[in-house]
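Trainee: For reference, the chains in residue letters:
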Amino acid sequence: MSLKEKVESILQSDLVELSEFRGDICVEIPKRKVIEVLTRLKEAGFDYLSDLFGVDNLAYYEKAKKAKKKKGEDEPEEPKRQGPPPPRFEVIYLLLSLSTNERLQVRVRVPEDDLVLPSVTGLWRAANWPEREVFDMFGVRFKGHPNLRRLLMWDEFQDHPLRKDYPLEGKGEERHLNYDIV
Amino acid sequence: MTKELETICITTGPTEVGEYVTLNIGPIHPAMHGTLRVITQTDGETVVSAKPEIGYLHRGVEKLGEHLTYAQFLPLTDRLNYCSAICNNVAYEMAVEKLLGIEVPPKAQLIRMIMMELARIADHQVCVGILGVDLGALTPFFYLIIQREEIYEIFEWHHGARLTNSMGAIGGVEADLPERFHEKWPRLRDTIRKANDETDKLLTHNRIWMDRTIGVNAFCGDDALDWGFSGPMLRACGVKRDLRKDEPYLMYDKVKFEVPVGKHGDVFDRYMVRMLEMEESIKIIDQAYALYKELPDDAPLMKKVPKIIKPPEGQIYHAIESPNGELGFFIRSDGTDKPYRIKIRPPCYMVYQAFEDLVKGEMISDLIACLSSLNVIAGELDR
Amino acid sequence: MADWQIDLIKVVFIWVWVLLIAVIMTWVERRASAMMQDRLGPNRAGPFGLLQPLADGIKLFTKEDIIPERARKILFILGPPLFAFPVFSAFAVVPFGDKIVIGGKEIILQVSDVSIGFLYVLALSAIAVFGMVIGGWASNSKYSILGGLRATAQLISYEVPMGLALLTIVLLYGTFSLREIVLQQQGTFLGFLPNWGFFKQPLGFLIFLVAAYAEANRVPFDLPECESELVTGYHTEYGSMRLGLYLFGEYVNLVTLAAITVSLYFGGWGLPYVDMSKYLGPVAYGIASFLVFTLKQAFFLFLFVWVRWTVPRFRYDQLMGLGWKALIPLGLINLFVTALLVQLTI
Amino acid sequence: MPRRPIVKKEYTLGERVYLVEIAKGLRLTWKHFTFNVRASFRKGPHTVPTCWQYPEDRREIAPIFRGAHMLQLNDKGQELCVGCGMCARACPAKCITVKRGKPAEGEEDKYAGKTMCASFEVDMLRCIFCGNCEKACPKGALVLGQDYELAEYEPEKCIYDKERLLANFQRAKAEGRLKPPPKPIPVDAPPPKKKAAAGKAAKASASEKAAKGKAAAPKEAKKKDDKADKAKE
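Residue numbers (the numbering used here), protein chains in the order written: chain A, 1 to 182; chain B, 1 to 383; chain C, 1 to 346; chain D, 1 to 233.
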């Protein structure tokens with residue numbers, strides 16, 4: 001059974017989209033079923049959380065829109081995603097099966113107006129810092145995380161630097177340290 | 001008195017004030033390898049809680065990567081784990097090559113392997129040496145670091161830099177093995193072994209060293225997997241997992257080597273795993289060098305890649321076994337000459353987040369020993 | 001020359017001499033450690049870098065003297081002298097030579113031959129701890145106070161085995177005077193060994209040496225100032241010449257401990273098998289005995305350096321364990337056996 | 001509290017009594033000590049084999065070392081740089097600024113190309129010495145030399161202008177520390193036969209000329225390669 005079939009059989013109806021690129025399989029799962037699906041995957045052998053991170057799709061979709069306009073209707077198979085605009089953020093879980101050494105990317109789309117995901121720290125403690133980092137960098141909140149504070153940026157920092165609309169050189173924020181020596 | 005001392009340190013987040021003393025170790029502290037910071041609560045000398053704070057060396061490498069071309073990002077990977085920059089270079093190059101769908105010529109693969117194993121030896125030497133320094137034995141550090149200098153000389157003659165190597169390019173390596181390597185390697189192999197041997201003599205069976213390391217922050221294998229450990233740290237916990245064996249890349253499936261495994265995951269096991277891995281690396285280099293010699297002199301070193309690299313749309317994740325563990329690069333391309341998103345999976349990031357679990361209930365001295373044995377590199381941790 | 005004049009000369013001489021050895025020790029420490037580690041060490045200031053200690057001294061003197069804002073000022077200032085003064089004074093009872101005859105006057109080479117020399121040394125080394133503790137406490141820094149606490153605990157626990165080892169010596173020689181003990185060690189033991197305390201008390205010597213390392217805060221017992229854990233321990237907040245006093249005091253302490261080791265266990269100024277006074281004139285004999293003493297002392301000073309750069313450091317609880325669970329029982333057994341033997345032979 | 005596996009300490013007697021292993025360690029450090037003491041009394045600049053006494057006694061720098069930049073001249077003393085700005089574009093640290101200009105009348109023979117760089121600035125405070133500019137330069141004009149002592153008292157002095165870069169080259173030339181011409185990289189590319197032959201020829205000629213110490217051959221090879229690439233595309 002290939003990895004693809006295996007994943008399909010595990011996920012069944014929860015599989016929103018499956019894409020394959022250079023042998024890496026990426027599956028999309030619905031947002032409301034994250035914990036349930038990941039638990040199933042963990043039980044099915046994908047028992048090691050290699051990494052967890054976010055992606056901001058803002059520029060990507062804008063670019064795709066532009067490209068579509070440029071090309072016009074030369075390539076009719078291009079507009080795959082229709083209907084409401086796609087959710088802006090993605091959170092990607094990199095899973096690994098220790099027994100078969102197969103890797104799987106699990107992707108959850110998070111819309112901008114509802115930046116909340118359930119935390120998977122209960123499944124893998126390894127998700128602790130990565131989830132904090134995603135919160136820090138993208139502003140996605142994880143429900144049930146034991147200590148959801150900023151990780152890399154300082155606590156008083158307001159923005160989310162890895163978002164595509166955050167300028168590369170920052171907005172001139174400075175850290176004011178409060179030495180509360182009384 | 002406790003209360004009076006309390007006001008001096010800046011605490012971040014909620015800390016319990018009361019019967020415990022808050023000891024703020026770092027970011028400037030001799031044992032905090034660069035800019036790590038641990039906020040500890042101590043009961044006498046026993047650590048009650050230890051909360052690592054990171055981000056003091058955060059340079060936004062991932063954000064920068066979105067604004068640089070694929071070739072321009074390569075030098076930035078040097079600055080991740082600066083003890084073994086070559087492994088980062090190769091990991092990144094291989095990730096981009098996977099994205100492009102090309103395979104580099106065998107000679108380039110072998111050169112990469114040789115250089116990576118040299119870098120692994122250098123990294124382990126630094127880690128073991130620093131562990132010794134932090135436990136009060138300064139001398140082995142020098143015996144090891146001298147050999148590292150010799151390794152750096154090979155790097156310098158191969159691609160022109162000692163520490164920030166920027167080795168190779170996307171599509172292969174740019175230079176054949178230098179004359180220096182052919183001359184130096186047989187001798188260097190012996191001196192590295194001798195230095196390891198001397199370190200072994202000074203430390204391993206010394207009871208002071210054994211008391212300091214055996215049983216200190218021992219860790220269970222399944223806990224380690226749950227925390228996302230990889231590399232020597234995981235192997236010290238008794239889990240036999242090495243990406244070179246499990247998911248062979250380059251030509252690691254053509255060489256024979258052992259994967260040293262510890263038992264308890266304590267500092268001593270981590271130290272021994274690293275010491276033994278250096279020996280295995282020497283074996284790998286020897287075999288790779290033999291394979292290299294079979295190839296003709298003018299065998300290709302690079303795969304033809306266009307000057308401006310524009311990979312097709314898609315996303316890949318590729319991981320290699322860096323000296324610290326699984327070093328992965330996730331790259332999503334949107335078809336332009338710049339990556340859309342680069343995510344680096346640094347190995348010590350996952351290890352360091354379990355720090356509190358590792359040191360809880362131990363003493364301050366063990367905290368220092370634990371930190372050195374984890375080989376947390378701030379550049380890699382904060383990116 | 002009046003007696004007080006001779007005493008003054010002796011005091012000044014020994015003061016300068018100890019300072020000089022301590023200064024040279026800082027150089028030896030750095031150069032020897034460098035040589036053990038395949039390095040060269042400081043070799044720029046003067047021939048072989050011999051002027052390096054001078055350069056260090058100038059540096060320490062000219063640095064800004066910082067007293068932390070929230071430190072206990074008086075105690076902070078008091079700390080370093082309180083540490084340095086006792087370690088200097090302890091040398092007063094050490095016999096650094098036999099005797100010298102100048103102008104028909106017999107001068108013993110010892111600042112003062114106190115009949116309780118022994119207790120004096122022990123008492124002063126106990127006082128020196130206060131320097132560390134006060135310095136650590138007055139700095140108002142957590143690292144300092146941890147260093148100070150460690151110093152207290154360590155020195156108090158190692159005082160006991162050291163005292164036990166010294167007691168056996170007292171039992172053996174029946175005197176508290178160091179000079180008397182040295183005099184009793186001349187000649188041979190069992191016919192072929194030098195009549196040194198070391199051969200009569202090997203275990204006692206070992207316990208004493210380990211305790212001496214602990215007293216001197218050297219690796220493997222440098223817990224009060226272990227750099228990688230407590231930054232530099234009790235003198236973290238010190239700078240300038242106050243720091244210099246601490247650092248220097250440690251070397252002086254080494255010199256004193258080496259001198260006591262030599263006079264207790266290695267026959268002081270005497271050469272084994274050879275009675276120098278038979279072959280040399282009175283002046284030459286005095287100088288020769290002094291040189292012999294210095295040579296023996298130099299060996300122990302080097303041993304301090306040598307061990308320091310070879311072994312790792314103990315952990316706090318292991319250090320305590322070694323002191324209470326190994327050294328003290330051994331010391332007691334040693335004391336008991338010695339007492340028994342002494343009783344039987346008398 | 002975290003779970004911890006129980007570790008049994010199994011020491012041999014020799015390990016248990018401390019002294020045996022410490023004595024072994026002392027023997028080892030003594031060996032190093034005596035060896036180095038003997039070595040340090042030898043005459044000469046580099047006595048202890050592992051210790052370089054820096055200002056007088058320097059380790060050999062690889063000819064391909066990536067140090068301070070320099071702008072090369074060709075054998076006729078002409079400036080090679082044409083001011084194309086490829087280096088500035090390839091730089092990840094954005095530390096190079098180049099202005100293209102035309103040579104003034106009567107000065108055409110000072111420059112190898114038809115155009116030249118009117119100004120060339122390298123900000124050494126930003127430079128990360130990755131060598132991307134060197135790889136990008138189509139004329140082989142900008143190279144990273146062997147200088148590594150780059151400290152200055154004023155930050156302004158760290159911005160190297162054209163004169164300084166040329167002076168770097170002159171100095172390196174006088175001291176015989178010029179960078180060897182880059183070796184052609186054997187590239188694995190379709191069609192294999194033609195390419196391999198070209199590569200071999202280029203390599204052969206390169207090695208011949210490299211022996212003579214001239215910088216021209218690889219450039220030709222490079223040109224050939226470039227042409228071939230263009231033809232393919």
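One or more of the hints may lead you astray.
[What the hints assert, rightly or not] In silico EDC-like pairs for lysine to aspartate or glutamate, Cα to Cα no more than 20 Å straight-line: (1) K310/B with E20/A; (2) K33/A with E43/A; (3) K184/B with E105/D.
[Claimed, not checked] Selected chain D positions facing chain C (Cβ under 8 Å, derived; list incomplete): (4) L26; (5) F33; (6) S40; (7) G44.
Since the hints were derived computationally from the structure, they do not count as laboratory data.
Since this is a predicted model, take the numbers as computed values, not measurements.
Where is the CB? At the ideal position from N, CA and C, for every residue including glycine.
Trainee: None of the hints should be skipped; say for each whether it holds.
Mentor: Going down the list of hints, with the structure as the test:
1. K310/B with E20/A: Distance ~19 Å between K310/B and E20/A Cα, so the pair holds.
2. K33/A with E43/A: Satisfied, since the Cα-Cα distance of roughly 15 Å is no more than 20 Å.
3. K184/B with E105/D: 54 Å, violated
4. L26: 5 Å, holds
5. F33: 5 Å, holds
6. S40: Interface hint status for S40/D: holds (6 Å vs cutoff 8 Å).
7. G44: Violated. Min distance 13 Å.
Of the numbered hints listed earlier, those contradicted by the structure are 3 and 7.
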